[in-house]
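Using the sequences plus the hints, can you model the full thing?
Chains as they are written, first to last, in the numbering used here: chain A, 1 to 346; chain B, 1 to 127.
If you are wondering where the hints come from, they were derived from the structure by calculation, not from laboratory data. Quick reminder that beta carbons are idealized off the backbone N, C-alpha and C, glycines included. Treat the hints loosely; a few may be bogus.
Stated by the list, open to error - The calculated lysine to aspartate or glutamate pairs, modelled on DMTMM-like cross-linking and capped at a C-alpha distance of 25 Å, are:
#1 B:K100 with B:D59
#2 B:K73 with A:E3
#3 B:K73 with B:E87
#4 A:K207 with A:D47
#5 B:K43 with B:E87
#6 A:K207 with A:E3
#7 A:K303 with A:E3
#8 B:K112 with A:E329
#9 B:K73 with B:D27
#10 B:K100 with B:D33
#11 B:K108 with A:D47
#12 B:K43 with B:D103
#13 B:K73 with A:E329
#14 B:K43 with B:D95
#15 A:K303 with B:D10
#16 A:K48 with B:E62
#17 A:K48 with B:D10
#18 A:K48 with B:E42
#19 A:K48 with B:D95
#20 A:K303 with B:D47
#21 B:K112 with B:D47
#22 B:K100 with B:D10
#23 B:K73 with B:D33
#24 B:K113 with A:D47
#25 B:K73 with B:E116
#26 B:K113 with B:D95
#27 A:K303 with B:D95
#28 A:K48 with B:E87
#29 A:K48 with B:D59
#30 B:K43 with B:D27
#31 A:K48 with B:E116
Claimed, not checked - These stretches of chain B come out as covered by chain A in the derived footprint (C-beta under 8 Å, 3 or more residues):
#32 16-28
#33 54-65
#34 68-74
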Amino acid sequence: MSEFRRDRVSGRWVIIAPERAARPTDFPVERRYGVGGFCPFCEGHEDKTPPEVAALRNDSHQANRPGWRVRVVANRFPALRPDSPIEIVGDPACRGMTGFGVHEVIIESPRHILSLNEMDDAGVTDVLRIYQQRLASVRQDSRFLYGMIFKNVGSAAGATVEHSHSQMIGMPVVPEAVRTEVRHARQFNEAAGVCLFCNIIDREVAKGERVIHVGRHCIAIAPYASRFPFETWILPTRHMPHFDDHPAEALGDIALALRTVLNRLDQALETPAYNYLIHTSPLGEKSADYFHWHIEIIPCITKVAGFEWGTGCYINPVLPESAAAFLREASKLGRSASGGRVMSSS
Amino acid sequence: MTIILVVEDDPNQCLLYANEIRGAGYDVVTAHDGREALELVEKARPDLVVMDVSMPGIDGIEAMSRMLARDHKLPIILNTAYATYRESFRSWSADAYVVKSSDLTELKNTIKKVLESRSRPAAPAGA
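Following this line, the structure appears as structure tokens:
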């Protein structure tokens, strides 16, 4: 039996229409795979990228030379440019803006790995730390209103190079998807007097059926109105609007949760292509009382097609409760399909 | 003399590029697909490759990737009718990206610039 569910954060309707499959993973999955060849992101090939804007290094190795753990470079062919003026273009009927912004690429490892979960927890913590640095850098500049960190893994997820990397686009506008989340969070806060996301965490922990992982500083859940099969959100249990403000001592636990979820998705879906993104508070927003940063992880399983484009409403063939149960069970199955060790401690 | 390998699947364009680049004072060898280019890069030992991207079989980005896996110092210019291949991070491996035009001045200037930059001592990191 299918049912409509409404996501309280986005306001989006989802149709949950479970298939009569033996297992929730019994459908074709867009997998990620390596093809090899020369990689411009590998250590030793620093001359193939624009000069780095930030890096984490083990010692005093020179910039743009080997010896880095995480490296950030400007996109060689950026969607937005920091040297562009900020000017309104067009007329009142077709209003636009010049393409000001920053577009950075975060190269997550000097090794040629295909997914973040092939790194250890310290490596993933480094990546989260540099995400914070890059968001903080655009937040200091009042011309930027939003910084979006996102990751594409596998060609089906939009990745054009297999070496594990993320991107940050800093913009002088707040994207509509984020604006809508902020509005719903504010409305909930005004009505209920508590943070919408904190309320979701409390309810999910109490109910338990959509919980995938519980850490010391965060929780991973299959959202009640998941748009996609095995969609997973990681929410910090401490209320914090801006990701870059999150205390450093919690990053290791959040890295563990991220790696755990990705390992379990690999186990359950045999190394799917996936995207993740960080929704953090708009940079200039005084949203301390009501917004709550979080990570959304989306394995590439179903296609967005005519119905979804036309309605903004998604059809999800996997019950989120089944997905969560399957991912909880994945922790007991041992080694993942990618060869990574599935976390047994959680 | 400096040898340029031109990789281009359209025979007329290939002839045009070869003639123009020869006219600029270089030796030219040509290949009509990625596989032939991979063979020729071993035999002819070019100093620079001008690589089309959209080709049947092994495309230009894949051929470039395989060439650089063997010799990552080989200068390669991607020469394509499409600007959209810039969106692929694999295109970063190229020394330059030229969008095809009937006027080959930009391509010839880029060949000169890339060869000059390779003949100079490496600039300090980050410069």
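Hint check:
no. : hint               : in the structure
1   : B:K100 with B:D59  : holds (16 Å)
2   : B:K73 with A:E3    : violated (58 Å)
3   : B:K73 with B:E87   : holds (23 Å)
4   : A:K207 with A:D47  : violated (52 Å)
5   : B:K43 with B:E87   : violated (32 Å)
6   : A:K207 with A:E3   : holds (19 Å)
7   : A:K303 with A:E3   : holds (20 Å)
8   : B:K112 with A:E329 : violated (60 Å)
9   : B:K73 with B:D27   : holds (20 Å)
10  : B:K100 with B:D33  : holds (17 Å)
11  : B:K108 with A:D47  : holds (23 Å)
12  : B:K43 with B:D103  : violated (30 Å)
13  : B:K73 with A:E329  : violated (49 Å)
14  : B:K43 with B:D95   : holds (22 Å)
15  : A:K303 with B:D10  : violated (35 Å)
16  : A:K48 with B:E62   : holds (16 Å)
17  : A:K48 with B:D10   : violated (29 Å)
18  : A:K48 with B:E42   : holds (22 Å)
19  : A:K48 with B:D95   : holds (8 Å)
20  : A:K303 with B:D47  : violated (45 Å)
21  : B:K112 with B:D47  : holds (12 Å)
22  : B:K100 with B:D10  : holds (13 Å)
23  : B:K73 with B:D33   : holds (22 Å)
24  : B:K113 with A:D47  : holds (16 Å)
25  : B:K73 with B:E116  : holds (14 Å)
26  : B:K113 with B:D95  : holds (10 Å)
27  : A:K303 with B:D95  : violated (36 Å)
28  : A:K48 with B:E87   : holds (15 Å)
29  : A:K48 with B:D59   : holds (20 Å)
30  : B:K43 with B:D27   : holds (14 Å)
31  : A:K48 with B:E116  : holds (17 Å)
32  : 16-28              : violated (count 0)
33  : 54-65              : holds (count 3)
34  : 68-74              : holds (count 3)
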